[in-house]
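Protein sequence lines correspond, in order, to chains A and B.
Under my numbering, the letters of the first sequence match residues 1 to 248, in that order.
Under my numbering, the letters of the second sequence match residues 1 to 260, in that order.
Source of the hints: derived by calculation from the structure; they are not laboratory data.
No false leads were slipped in.
Below, in silico cross-link-like pairs of lysine to any residue (SDA-like), each with a Cα-Cα straight-line distance of 25 Å or less:
# : chain 1 : residue 1 : chain 2 : residue 2
1 : B       : K132      : A       : H200
2 : B       : K132      : A       : L78
3 : B       : K132      : A       : L112
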Amino acid sequence: MTDMKPVIEIRNLQKSFGKVDVLKGIDMQVAAGEVVAVIGSSGSGKSTMLRCINLLETPTGGQILWHGKNIQTEIDSLYKYRASVGMVFQQFNLYNNLTVLQNCTLPQVKVLGRSKAEAEKIAKDYLDRVGMLPYQNARPAQISGGQKQRVAIARALAMNPEVLLFDEPTSALDPEMVGEVLNVMQQLAQEGMTMIVVTHEMAFARDVSSRVVYMNQGVICEQGTPAEIFGNPQKQETRDFLARFRNN
Amino acid sequence: MIEFLNDVIEIVTKHYPFLLRGIGYTMLIALAGTLAGLLIGLATGVVRTCPLSKNGFVRLLQKILNGIIAVYVEVFRGTPMMVQAMVIYWGYAFATGGSTLPLIPSGIIIVSINTGAYMAEIVRGGIISIDKGQFEGAAAVGMTHWQTMLHIVLPQVLRNILPSVANEFVINIKDTSVLNVIGVTELYYFAGIIKRESFQTFQTYLVVCVIYFVLTFTVTRVLRLIEKKLQGADSYVICGSQSDPSAEIRVPKQQEVPND
Ligand SMILES: Nc1ncnc2c1ncn2[C@@H]1O[C@H](COP(=O)(O)OP(=O)(O)OP(=O)(O)O)[C@@H](O)[C@H]1O
Ligand SMILES: [Mg+2]
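Same shape as in the complex, but just chain B:
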């Protein structure tokens, strides 16, 4: 047992530069991929909910774009990311006659595209669940679809889907490990290197396993805190009472009116 612990400690102390670099790249790819994926999801959400134009040509373009989005979502949700990584990375090499993309950007692109397909569905669900009255209230004052989405609908959607977005981030922290098939130097890739140097397969992967867990656990907790913050203030200040304009009264949040 003592010996086992010594092995573990040695792996950490001897190889910590590898481990730290792995953690860095894993978090970078997961975070960048999740944010880019979210942007893809939001963009597809705006496009898919846009009312069809009266102009025949624009209408056709909209339909084609909607078709492309639908295919994209199905294909990328219906295939493993590990295979997507190989197809995209080597597909690029094939198409360009042998030149390859740098590895970290490749990893970010692959995770982004993959996450985008899931985010597209998450955002779509989020938009559908927004009360129709929000859209009509915006249309009735003369806002465009884009203005409505940007200023009224998407802020509400973002707040509602934050738990799902956090979930995607956590999934990505774990799933970046498949990128080692194209040689991206994330945490799992370094685990392979450490194992080959130390010949201690179990100890190495146990250390990496613990690291993954600490990462996902911390991220989950932090995001939950942020979620709580975003629930908003539960009181507001009534300003300028008629007798005393500088009066400030704090009013506790009321119960939601049932017919609203």
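So here's chain A without its partners, still in its complex pose:
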């Protein structure tokens, strides 16, 4: 890690649903430009951690700092904060009543207060970059999963976020559509976008990320560069997990 001040700092983050402790003290820092891949078996709390970062879930313990400020107590506006932390979901979550273009303009107009003309210009820019500009008038129900996910990425980018969170962005896609979405993400990574990516795509974690975090049972079991985690994992749990993955 660099000695730059982290954009996001997670301190002893805990989350329980009723009696179930899902996150049991997560500590993690993300600096600008980092691409952090979060891997781990199902139920280890990866999504919950990501959802705590933009407060879709309320942490039950610990702190999350955004440029040094506690996001639950010290930031000016939850809404502005969320706008600067984009999120891409496994199920896309495009607004079903709006066209592709409107999906990308509405949040800009309503949350950032941009004019409609400005928002459309920015939206079309990003739709073009993900190759979805020709479909600007389509509705979500009319396009494929991979196309939806690319629109979802464009929608997030149009807010000019500082950080993008991805929660298994390719897990709901048919295999032949995974590539088109990963390509877009890889391009973003190369351009220096700060990203936290929960993924089961080990190739992406290995080739694109700058750091890999392995989560197990609500804690970070091990983290390091892709070379360290995939080439020479220190913990038995990590080795077991990766071995299970190779066998599947």
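Chain A is already provided as a structure; the job is to place chain B with the ligands on it using the hints.
Same frame as chain A, now just chain B with the ligands:
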């Protein structure tokens, strides 16, 4: 038989101003009451689905408001509209020491409040049936509860509940007839007047019965057409193909992707 038909024709030709006025007021009260009821339903839906505030005082207000809505829904769905009309109309007179509200506005208010209680439940069901992902997709970009509801959730809810709203409208066309207990001059009220003038009870009510049916039948058909329209276009235009920016290709609607 001929004589019977003559009676019927005479009722229509002689009393058509009454009948037309009755139809006018019945439709006005039913339409205004349904729309106002829908607004009440949408408003209660937004309030009831709003996440509880962290601020203790606001939180208390929210809970009280939710309680009031729950009581309102139960009471107005659990009592006959005819009784509600009497209680509201004469309750106002009692409270103000004898002054009464004008009749048509009274009728609209009563139907609105009554319909609102049903709409509240229809809207609530509509909101619950919207995929959680729609709310999260909106929250994640920084939209407020109000923005989410107004721009994303309620438009989808409205489309989904349109058949139920149409149904409420049809019910209201028929149920405005109970407003004659407070003297609102809707269709059924005029039927009473015509009967007393013509002394032909059966013929009069048969005519009115047919009128009610034509009204509800027409409204049902028209609303079904609107519903079809709202299903949306089944194709869209791909614009600006790379070789020819002005190209327009019409693409047929795809099957819904199963995992969405
Ligand atoms: N809203 C909730 N209420 C109760 N339990 C929950 C809730 N959300 C998640 N959990 C539980 O928390 C645990 C961790 O869930 P989470 O979704 O964070 O796992 P994950 O690592 O993302 O798994 P996956 O790879 O399957 O997505 C699971 O056991 C899950 O059942
Ligand atoms: Mg998950």
